[in-house]
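Listed below are the residues making up each chain.
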Amino acid sequence: MTLHLDIINNFANAFPARHTPVPDPSNDVAAIMGFFTDTTLCIGCKACEVACKQWNQLPSDGNNFTGNSYDNTSTLSATTWRHVAFKEQIGETSSRWLMLSDVCKHCEQAPCQMSCPTGALVYNEFGDVYLQNDICNGCGYCISACPFGVLGRSDAPNTDGHAHKCTLCYDRQSDNMTPACAKACPTASIQFGNVETLREKARDRVEQLHERGNDKAYLYGADSVENYGRLNAFFLLEDHPNEYNLPVNPPQPLKQQGRRYAASLLTGLALTAISALVFSRGGKRAR
Amino acid sequence: MPGEANIQHQSSRIHRELKLQQAIATSQEARHEPSYYDISMLKAPVWKWEIASYFFLGGLSAGTYILSRMAERFGGRQFEDLTQAGSAIAAASALACPPLLIHDLGDPKRFHHMLRVWKPSSPMNLGTWVLTAYSGNLMIPTVRDLLNRRNARTRTERRAISLLKNPTILAVSDAAGIPLAILMAGYTGVLLSSTSTPAWCKNPWIGPLFSASAIATAASALSLVLDLTDKRDVTPSKSALSKIETVAHLAEAISLVGYLKSAGDLAKPLTHGSQRPHLVAAVTSLAAPEVFKCLPLKGTPGRLSRILASVISLLGGFSLRWGFVFAGHESANDPAAARKNSRAN
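So the sequence lines, in the order shown, correspond to chains A and B.
Under this note's numbering, the first residue of the first sequence carries the number 1, and numbering increases by one thereafter.
Under this note's numbering, the first residue of the second sequence carries the number 1, and numbering increases by one thereafter.
Worth flagging that the hints you see were computed from the coordinates, not collected in a lab.
Glycine included, C-beta positions come from ideal geometry on N, C-alpha and C.
Just to be clear, a hint being listed does not mean it is correct.
Dumping the calculated DSSO-like pairs for lysine-lysine here, alpha-carbon to alpha-carbon at most 27 angstroms [said to hold, decoys possible]:
id : chain 1 : residue 1 : chain 2 : residue 2
1  : B       : 109       : B       : 48
2  : B       : 340       : A       : 255
3  : B       : 165       : A       : 255
To spell it out: a stretch of chain B is covered by chain A in this simulated footprint if at least three of its residues, at any positions, have a beta carbon under 8 angstroms from a beta carbon of chain A; those stretches are [claimed, not checked]:
id : segment
4  : 117-124
5  : 209-219
6  : 234-242
7  : 245-252
8  : 269-277
9  : 285-299
10 : 330-342
With the hints as constraints, model all of the structure from the sequences given.
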């Protein structure tokens, strides 16, 4: 009898909620965690790339020599979730190096999450875009949907054939630890924390840089651009976004599908109606 | 002699200097447009021949289903040949779709994973549900036609026929099946346009193009089957199909022009790149069958020309899907196209 009562008393625990509560960026921004990557502080040491590979047990990408400055990784991929870009700008009077540690942007309105047909890509309780590996079916839609070219699929022999990307160290965050890349960064170029606090910090940093005479510094992704929402992993840049291989104005292709469906369905409907007309007239003539 | 050698030496030196200056000029021009070592910021699609073939067969199946149902509902008995051929082609091509998708995914379990959620915001998820519902519904006319062709022997067969011939069941099946088939024909285009790949990104014409091509290839496939099985020059089915094919080709041509105009430079893989032969084939398949229809051929030459026209139209429809899928690969790998697409939005 007591046993039965226990079951009744603990009924809620017997059937836990199916969904983890996900913070909504429009009202619980305090719960959302993210990265602020300040490229003016980056020294190109690649500690973040190495820490990410080690913590997430990502395999090597081989020994490639690209000839593009010190960047032999080139892009983010299924096995590279932090990538340090080195851009050599050789001018007539002075030359400089732009360095940026690139990562998944954890978009507030992520095209990859919207496109995922299996629900493998979800927002977790930290407001970040997380790929559930056991559900991913390797269809590759997210790869084409992402306007930043972040996602990759592991297609090498003896790999799972799933898409992979930065988890914003979901496992470490769950234990109140800083993500591996931010922890390893020796210059605080990568800062981790509540995204609203980070945006404040970043705005102060831009002001500070402007006061010091670096009037080119600006934030990329801290605010929404036209139809693209904010990025939970945003950047401080000093040059044109394309110099860092970032899109100026990322497309949001999963929005306004309604219009495209309407155009396509109306064409189909019109041709169906015309065929019905042709058949009914042909039928009458024969009768 | 030494003078001549000197002139030759000098001219080759001037040539080399010119080359160098040109290279510097182009690199300086390139520097005007900011870029990261000309590496594309996008990843190429992973979809290959399976998906191109699925787009074609899915469209063909939906189109033949639509035509065969319309012929039966609005035409009547003289279109029975068309109705029967239509449900057979629709079933055969729909049957090939899941294996193609499973081969692309690599594991049957992975197809099932798409059906674990209902998520219409993802065209691929919606498409999987549409394919499943459409194929299930397709069983009703197909099984009915199969059973009709043989004499019902057992009691179960007789009961099945009377059930499938029940007008209410057929009406419900058509009411559900026609919208599903229209979605099936066009969602593939919407799927491509819902990506960041420059040649596809947000282009509103790919859906109408694929929808029109589905009806056109369906009319061609049905004409092909009827011309192969029936030697007569004019039958109600053949003349109806010829008219429908012309209208669908016209709609396809308009959508293709619309696509090329709205994509502009981003359609480069199709207009000037690796997929140009496929675009040429698709355009030829719109024009050639219509030219054949104008020829005053009768009897065997007429039949052969109609068969040839249908084959050209079908191959062109396949080339269209193939060209569009692989244009995406070239376009995503083109750094300039990726940059342009990320500015235009």
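We went through each hint and held it up to the structure:
no., hint, verdict
1, 109(B) x 48(B), "holds (20 angstroms)"
2, 340(B) x 255(A), "holds (19 angstroms)"
3, 165(B) x 255(A), "violated (43 angstroms)"
4, 117-124, "holds (count 6)"
5, 209-219, "holds (count 5)"
6, 234-242, "holds (count 3)"
7, 245-252, "holds (count 3)"
8, 269-277, "violated (count 0)"
9, 285-299, "violated (count 0)"
10, 330-342, "holds (count 5)"
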